[in-house]
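J.: Sequence:
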Amino acid sequence: MPAELTLLDPLVDPAALPPMIDPAKTALVIIDIQVDFVSPDGASGKWGIDLSILDKPLDNVDALVTAARSKGATLAYVRVVTRPETDSDALKALHVRKGRSLEGIGICRAGTPGADYYRVKPEPGDIEIQKVLYSTFSGTDFDAQLKARGIENLVIVGFTTDCCVDCTARDAFHHNYDVFVVTDATAAYEEALHIGALNGLAKNCALLTDTQSVLNAWS
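The numbering of the sequence shown is our numbering, which starts it at 1 and goes up by one.
It should be emphasised that the hints constitute simulated quantities derived from the structure, not laboratory data. Please read all numbers here as calculations on a predicted model, not as lab measurements. No residue lacks a Cβ here, since even glycine has one placed at the ideal position from N, Cα and C. Among the clues, some could well be false.
Claimed, not checked - DSSO-like, lysine-lysine: derived pairs with alpha carbons at most 30 Å apart:
1) K92 x K46
2) K25 x K71
3) K147 x K71
4) K121 x K56
5) K56 x K25
6) K25 x K147
7) K46 x K98
8) K71 x K121
9) K203 x K56
10) K203 x K25
To be verified - Label pairs and their computed distance ranges (CB to CB):
11) K71 x L11: 18 to 24 Å
12) K121 x L215: 17 to 23 Å
13) G150 x L94: 36 to 42 Å
14) S70 x A15: 20 to 26 Å
Model the full assembly from the supplied sequences, consistent with the hints where possible.
T.: See below:
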């Protein structure tokens, strides 16, 4: 792997991980696994983005969901659901100033297939959060729901590492949660963005781990 694509911090020692992510106090946070972001039939696929980079992380998310359920960890499903009236002025201005079409912000619209989950689905008793931008905490009751369940630790998976995973992890740290990002159950559309985001999070607010270590901790 080229030097610029190397993780600068080591992953958490697998032997030390189990007490850090005690299922009774931990939520697996599953971010934005939706048609418009992940499916070839969604917006990203229609824009020509190579989504094969997401295949292995999706498989790992499936395995982590199964393990979390079997051990009684909280599952929190997060997705973007937008409407024209929720498109912020700042978001629209950013696109215009970058020379982008405003059509590009019309993704994951309420009532369209693009907003639906892809390959994952919450079950009764799971936390389900709808947001309009990047952070799961912004404009939602996510923090209150976690605290009501006694959650102290968040294990974060999903997409994309450089956007909604990053923003959620940073806000989680600011809300006094211990944050773990699963390096091979997250991804960006470009590997350099994925690794860069992981390095930034590890430097400032999160611990990095991988799927097998979490599965072993919850075995």
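J.: Please go over all the hints and tell whether each is borne out by the structure.
T.: Hint by hint, here is what the structure shows:
{"no.": "1", "hint": "K92 x K46", "result": "21 Å, holds"}
{"no.": "2", "hint": "K25 x K71", "result": "11 Å, holds"}
{"no.": "3", "hint": "K147 x K71", "result": "19 Å, holds"}
{"no.": "4", "hint": "K121 x K56", "result": "18 Å, holds"}
{"no.": "5", "hint": "K56 x K25", "result": "27 Å, holds"}
{"no.": "6", "hint": "K25 x K147", "result": "10 Å, holds"}
{"no.": "7", "hint": "K46 x K98", "result": "21 Å, holds"}
{"no.": "8", "hint": "K71 x K121", "result": "18 Å, holds"}
{"no.": "9", "hint": "K203 x K56", "result": "25 Å, holds"}
{"no.": "10", "hint": "K203 x K25", "result": "24 Å, holds"}
{"no.": "11", "hint": "K71 x L11: 18 to 24 Å", "result": "20 Å, holds"}
{"no.": "12", "hint": "K121 x L215: 17 to 23 Å", "result": "21 Å, holds"}
{"no.": "13", "hint": "G150 x L94: 36 to 42 Å", "result": "38 Å, holds"}
{"no.": "14", "hint": "S70 x A15: 20 to 26 Å", "result": "21 Å, holds"}
Of the hints listed earlier, there is not a single one the structure fails to meet.
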